[in-house]
Amino acid sequence: MWFDNYIKTLTNEYFLLSLKNSLLLIVIAVPILVILALIISLALSYGIRWVRKTRVAFILPMVIPTAGIVLIWRSLFTDSSTVLPIYLLFIWKNIGICVVLLTAAFTSIESSVYEAARLDGAGSFILHTKITIPMIAPTVFFTVLLSIVNSFKIFKESYLYYGTNYPPDHSYTLQYYMNNNFLKLDYQSLATSAVLTSILVFGIVMAGMAIQRRFDR
Amino acid sequence: MKKLKYRLVAVILALSITCGISVGCSTSEKKEIHNEERVKYNLSEASLINLYKGDLYAVRLSQDTITENNATVEIFAKDGEKKGELLIKNTNGSISCWDISEDRVYFVSEVMEISEESKQWENKCELYSVGIGGGEPEKIYTFNELSSVKKIRISQDGIIYCLGLKKNYEDYSDTLYLDNGETVEYSYSGEVFGSFDKTTGDFLAGETSFPVAFDERNGDVILYAFDKEKGFYFHDVKSGTDFYTNKLKQIDDMELINDNKDYVFAGGSGYTGTLAVSGISDESGVIQIDDNMIFSRCGQICAENDYICVNALEDVYSYDRNVFKYYTANVSTANPPVNIICSSFYEPLFSCGSQIKNQQLSGDGFALTVLSLDESYDLAMLSTREIYANDIKDKGSFYPLNNVPGVAEYIESCFPYVSEAAVNDKGEIWMLPISLDVCSIIYNEKNCADNSITFPNELEDFLGQIRKGAEASKYYDCSGYCITEMMINSYLSLNDSFNTDSFRSFAPLLKDMSTDKVFIANPNINVSLALSSKQINDKLGTSDVYTDTVYNGALFTTILSSSSQRNLIGDENLLAASLPYAEGAKSGAICTFVCVNPNSEHLEETLLFIERTVARLSQQQNSFILKDKNTYGSDQLAQSLYEIYANAEIYFDVPSDVYYNDLEKYFADEITLEQFISEADRKLSAYLNE
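Chains A and B are the protein sequences, given in the same order.
Quick note on numbering: the first sequence equals residues 163 to 379 in my numbering.
Quick note on numbering: the second sequence equals residues 117 to 806 in my numbering.
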């Protein structure tokens, strides 16, 4: 009745565990992913030769089938006692799209803007803080949001890596919780956790947009 | 902007109202399906049967050939009462087939004669007709080119169609491999389909190379034949159209039963023991009307105005022949089929007068279909081993069967633990149990006694006895996997953790067993096959040295399914014993059941199907689900199996992927017992509490 199912789900230890793990993935892996992507994009924009030569490598994770990636991962990481393999898998799998987006943002800044600023006496620090960062900020926000959304979709890789519906506690994310309830035909838990997850994603997106608007001002 | 909003709201409202009205008005036309009426005639040993104007005309086996060359035809009214006889004089041989039309009996008389040409004994087939009042028959034609005539039918326009066997023909057999992986086998025995025109006196052999069976109804003549390229097909003789279908493969005989061109057939791949109806289109399923129907030859089925008569053995274990009549007015492949979904393979349900459409889905597909309350499926078929089983009950995705006639009585007549499992906390009957399977040991009492082998319930002693058996004979079979499953499932029925002394006590025994070759399926011989072959040989009076040899040394075998266990009933030397189970628990029974989709678009028909299915299940012998001991055979195997099933328990199993991978690691010494307990407990806790 009323919110019974929500209360039941919100007090379920496995829902809370999965929520915690999903949020940790956002808090830890997403910033690392975006910062790494920013560094690589900057290097590509500045035309650093060795980075340019390896740029194909950043696109490869996007085209290699997940099952193939997981096979490599399993041979690389034999210890499943930490969450590290899943975080690295998430970063490796998503870095390509982030690099593409951020590189596009960097290259879209007209060189004439920098030249005009230099003529006005702007130094290197001023150039990046007053021109580069404000101009790429919308793309960075978009990249962060995209990565957060993608972090909710790490289930397939994780499932293939552990090969079970019941991975170690540190890797038990919201998708596991929903998938297991789906397989058990538990309508109520599935529906309420899906609604709660939707609210969470919606909240994160709205918060991101609010921060972006404030930043724009 | 505001106007746009109002327009949007108006459009949505209009759409909602339209949808609401259309949903409210969608009264799908539903055809009522009645239970079939079954009449048993007092007519043992009939050799020929035919329906004419509602009456049954029959000739007994002892009456079709008599020294005085007369045949007596007995006539029975609709209710089964005998109403008269007619005498056909001077039949000049035995009647091989017949038909009745326009108050005349047409029959083919066959007599052995020495041929003037070949000087060999040959069958001579002559077509006669006689008035329905009896008397002297009039000879119409002599089939010089045929050695035998299997069937004749007289059409309204006076043409006599017949299916016969040629005197001279070349043997031919063929096997086709279909795209779906099935094979279609055909063998030709000289069949020829032709027609005889009474007015001209000419017999015309048809052009079809490989005819199999045919029938005529209201002027329509449908021939079933084989094509070398595409397999079996129906040929409409009047229109010349062909309908290809390989669903039944080679059949013995067919009779059209309605204007939808549905037909009842004898033989057919997978339907040899049932009275079944199908339609000529490939999409039509098979509707089973009755089982234990053993037809021995062509001409044992006939149909007229929604009635089917069959001349068959009374059941598979009997040699008594009788004639049964069925009323099938509402049996039609035009009726919507009962759609059954499942996520594992199950033996298809007996269709009880309905068309059945089975669809095996993936696990995800099954869950999605049930969760979305998809209207397109009527029944979900699953077993208590499956992860979904308990949640269907708990979460209410079923139509309660309490008000379906016969269901409550049937549930009540099942073993108490089955009745308990079929009813939820609210008193709703959420599922219909179809069968129970308790994995058991079937053993040869004498051979085991000779070697002092017993089957105690305690695991360590049981394993010791099996090892003793392995030393005594090579003809044994004991599945370690089944023992492990039985132990763990029975253990988990009492515990929600592996962290107990009880588990620690038997886990090492299971580990030892996993590496012991004794508990791997015996590659030397399929012992259960040997046991059943022996039984079949004994029944048929044949001898098989190979199975005799094996049988004399055969000790025991593990058999999972009750249907396979039932096959061995009748062998007085066999007994059953339960596998070992956890202390304080009982043998685990796997219950296969169906749940009705509350959102089914054919709910009414589905409930009628359930009603008929329940009526059939309630009358089953040796069902190993009904508690009444009188419904079980008196032989010791049936009785010992009854004891095992009566004292079992249904467990809604914890899915094996929760613990089995880790258990295998423990068996392979990759992890210790404590590591297994820790890991399995973690997963079990998640499964039980998430």
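Hints in this document: simulated from the structure, not taken from any laboratory.
A hint or two may mislead.
Under 8 Å between C-beta atoms, here's a sample of chain B residues computed to sit facing chain A [unchecked claim]: (1) Leu292; (2) Glu298; (3) Asn374; (4) Asn376; (5) Leu477; (6) Gly479; (7) Tyr504; (8) Asp507; (9) Ser513; (10) Val770; (11) Arg798; (12) Glu806.
This structure is a prediction, so every number in the text was calculated from the model and none was measured.
Glycine included, each C-beta is placed from N, C-alpha and C at the ideal position.
Status of the hints after comparison with the structure:
| no. | hint | in the structure |
| --- | --- | --- |
| 1 | Leu292 | violated (37 Å) |
| 2 | Glu298 | violated (31 Å) |
| 3 | Asn374 | violated (40 Å) |
| 4 | Asn376 | violated (38 Å) |
| 5 | Leu477 | violated (13 Å) |
| 6 | Gly479 | holds (7 Å) |
| 7 | Tyr504 | holds (5 Å) |
| 8 | Asp507 | holds (4 Å) |
| 9 | Ser513 | holds (6 Å) |
| 10 | Val770 | violated (11 Å) |
| 11 | Arg798 | holds (7 Å) |
| 12 | Glu806 | holds (4 Å) |
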